[in-house]
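Given only the sequences and the hints, what does the whole structure look like? Please build it.
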Amino acid sequence: MGQNMLEVRHLCASFFTQKGEVKAVNDVSFEVPRGRIVGIVGESGCGKSMTVRSVMRLLKYPGKIVSGEVMLDGRDLMRLSGREMAAVRGAEVSMIFQDPMTSLNPVMKAGKQVSEAVRIHQHVSSEEAKRRTLEIFEAVGIPEPARRYDSYPHQLSGGLRQRVMIAMAMICRPKLLIADEPTTALDVTVEAQILRIMKNLCGTGTSVLIISHNLGVIAQICDYVYVMYAGRIVEQADTFTLFEHPMHPYTCGLLNAVASLRLGREKLDTIPGVVPNLLHLPEGCSFSLRCEKCSGICASKMPDLMKTGEGHMVRCHLSGKGGES
Amino acid sequence: MGKNKRKDLIPENIPENIPENDPSGSGMTDNISLRSQIGEEEKFSDLLRRMARENKLAVISAVVILLFVLAAVFAPVLTPYKETEMDLLHRLSPPSAAHPLGTDEGGRDILTRVLYGSRISLLVGVVPTLLSMLLGTVLGLAAGFLGGKTDAVIMRLADIMLGFPSMLLAMLIMYTLGDGLMNVFLTLALVNWASVARIVRAEALQIKESEYVEAARVIGVARYKIILRHILPNAVPTLIVLFTLNVPSSILTESSLSFLGLGIQVPDASWGLMVNTGRQYLYNAPWLSFVPSAAIMLVVLSFNFLGDGLRDVLDPYQKNQ
Amino acid sequence: MKYNILQRLLQAAAVLLGVALLIFVMLRIVPGNPIATMMGEHADAATIERMTAELGLDQPIPAQFCRYIADAFRGDFGTSYSLGKPVSQLMKAAFGNTLKLAVLAALFAWILGIGCGIIAAVRKNGVFDHLFMGVSLLGVSMPVFMVAMILQYVFAYHLHWLPISGTDSIKGFILPAVALGWNSAGSVSRLVRSTLLDILQEAYIDTARAKGRRQWGVLGIHALRNALLPVVTMMALQISSLLSGAVITETIFSINGIGRLAVQAISGRDIPLLQGTALFSTAVVILGNFLADCLYSVLDPRIRKEA
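Respectively, the protein sequence lines represent chains A, B and C. Letter by letter, the first sequence follows residues 1 to 325 of the working numbering. Letter by letter, the second sequence follows residues 1001 to 1321 of the working numbering. Letter by letter, the third sequence follows residues 2001 to 2307 of the working numbering.
It cannot be assumed that every hint is accurate.
As the list claims (entries may be wrong) - Straight-line C-alpha distance at most 27 Å; calculated DSSO-like pairs for lysine-lysine: (1) A:Lys64 x C:Lys2124; (2) A:Lys130 x A:Lys109; (3) B:Lys1056 x C:Lys2124; (4) A:Lys19 x B:Lys1056; (5) A:Lys23 x C:Lys2124; (6) A:Lys60 x C:Lys2124; (7) C:Lys2124 x A:Lys19.
Since the hints were derived computationally from the structure, they do not count as laboratory data.
Take a look at the structure:
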């Protein structure tokens, strides 16, 4: 057994539209070590959601995985049949989604939706499933589990619903939990609680892959971070290094924007421009159009991911020279 | 259905690629919405052009409808026979070179009668629909915009009308008014106004709550002006779609009434009436009934396709209505 | 919740009363004395006057209406002019046939419509999707009498599989039920398809798949129940169109039902019978809407708890 719970190698996934192929995930590789929390950060539309959905093989039409390997605990998920993959989902990898308001079935009791996850994967009686559901409800901090079991989703607050989602994801004790913007739709106090729960879960042996556009969330719980931009990983490092010594101009821009917020500066630092249209990416570095330090080579050649330090890799021609500002 | 079709047809709608607002204020850059880049405002003519490009069936349907209209107008030129010309030597003759769709019990050419019949059937589709839309729009706007007692009275009246099975209501009104083309128009208008009123009211309520109407009210624009300038123009797409979908239902109701022998009377030729008289000869001369039935179906089908196509591009309905 | 149901029931009753009034007034403003029309040209003035007084038709309309409503509550809808029997008795006999016809037609429409709608949605843009949706649009666009006559011509007259008309056995109901349900099947399948496609985009469908449900499990356990909510509403609306269609279908297949009774009432200028059948059909529609409301709130917990 390797030390990584999840290893994704050269993953490519695209939307096939009438205007052509949109390469939303372009040669992305990353890993999640056992018992660790790994984050992927990036703007909306950078392909992070598509990346993790590819791991679950739950892409929405017209999205499709083009190539790549997804090794979960040494087994390539891409080679599994649909039936085998369904058996993996919820049992070995599970996922929670951004909006707890819409990700629970409105006409089914919350408890039933959680115990359903057990009953799909394990042959247990409904009483046993209910008992385990109540147990996990307790574990994720749902007050009055017995009463909540019979509640419908619309009767629960956003925080409670997300706890129900976590309970559902964790009830089979999966090897890997994928959280797609788990706190985006919640307010800040609830966010902190949910993050604490996830961190605790990690202690029980589950590895966590979390994606977020919120650097605060990433800083709070991740061990290692990948930064994504326009379908590619542009920088990766352990959390401390990334926040202290960012190399890629994009990462720097993100951090400056947060810092200027925190310091209460008069003018908010922003990254100029918008995420490029993936149908018409610039020829060279995808960030070149927005990059202040863009030079000749940037506009003509896409840089490779280059190692700049222990566990630190950057996709920038200027890395080492002037990334950090 | 419209909703989903649209999703596939507009490739810009890639779920991943639409930047959302950043609710947590975490410091990501401001995203300018993709939509503003594409240009969300489309003119009505552009919409029609898009429909023409993407929905071939709607275009074909429009052509079919146009052909029927031309047939109705130029019927005397298109056929050598007269509508009421009897030829007792050739009663109930099957389709032949002389009579492409056969003849009826009086030896009249069926093609000729179908062509002439399209005059009444198309009129019956369009005129009562216009009447009912006028009535329904006025009452629906009044109910939605004025609210209160006006709303209650109009909507209870609509409830009552909608409580009836439409066929029985039409039969009742027809019975009260008596036969004749004008009364058929009136009957169909009275049967259909309530559903129009309901939809227009819903639309009016929605537009009434919108910010620009609010703004108009704040700066003191008169009520009737708000209705005329803001609410009505915004309801137009809905009304167009409603019109295209109500025409076939009027044609169907009229044909059913005629089939029962109510409404339009001989010597006027409506398709429903032709089916009715042909029914006695169903087993030895089925074309008597089936030819006009097929004409009804073709026109109704075309209007339905066209209405669907229009709805897809205009999409005035909320998803969960 | 109880309060809500009571409120709706009262509303339904009020609408029904309005309907009764409307029918009553409409039939009273028909020009000419109905008695004279009914008795034909041989009747002398004295007899007509005596009959008019006997039936209370000489009283003012409000008084007549009150009397009619009071009688209707006791199950007395007057006596048919043309058939000479109590209207209630005629309708009772006819309702059984209409009910049988409508229930069979509804079953046909819903089973076919829901089945085709699901297949079309799951295999979106596939062969069956295009086939079913094409046929369903054809179904929606065919006049009821056309379907009925084609069925009669092909299956009864040509193939002799089923009787042309008659209600002696359930076999006689098959063709009429298919003819009547044909339109509804078209609209149900289109509705099921579009609702299901919308629902398959919902986040909780992803959740269901993420917890390991396979396609049919996702569909059957999570999608379908949500998709059926608008279908329930439509079922209620279809009671109305089924009764409309029954008028035609019963006429073509010579089934003695409410619809045919109404047609007979019109040709016989038989006011009590027309009044009775119209009121009765409308009452069925309103009752159906009310029941659908109740069913909806049972199926959708969001509405249940708010009430």
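Cross-check of the supplied hints:
no. : hint                  : verdict
1   : A:Lys64 x C:Lys2124   : 17 Å, holds
2   : A:Lys130 x A:Lys109   : 12 Å, holds
3   : B:Lys1056 x C:Lys2124 : 19 Å, holds
4   : A:Lys19 x B:Lys1056   : 20 Å, holds
5   : A:Lys23 x C:Lys2124   : 24 Å, holds
6   : A:Lys60 x C:Lys2124   : 14 Å, holds
7   : C:Lys2124 x A:Lys19   : 20 Å, holds
Hint compliance for this structure: no hint is broken.
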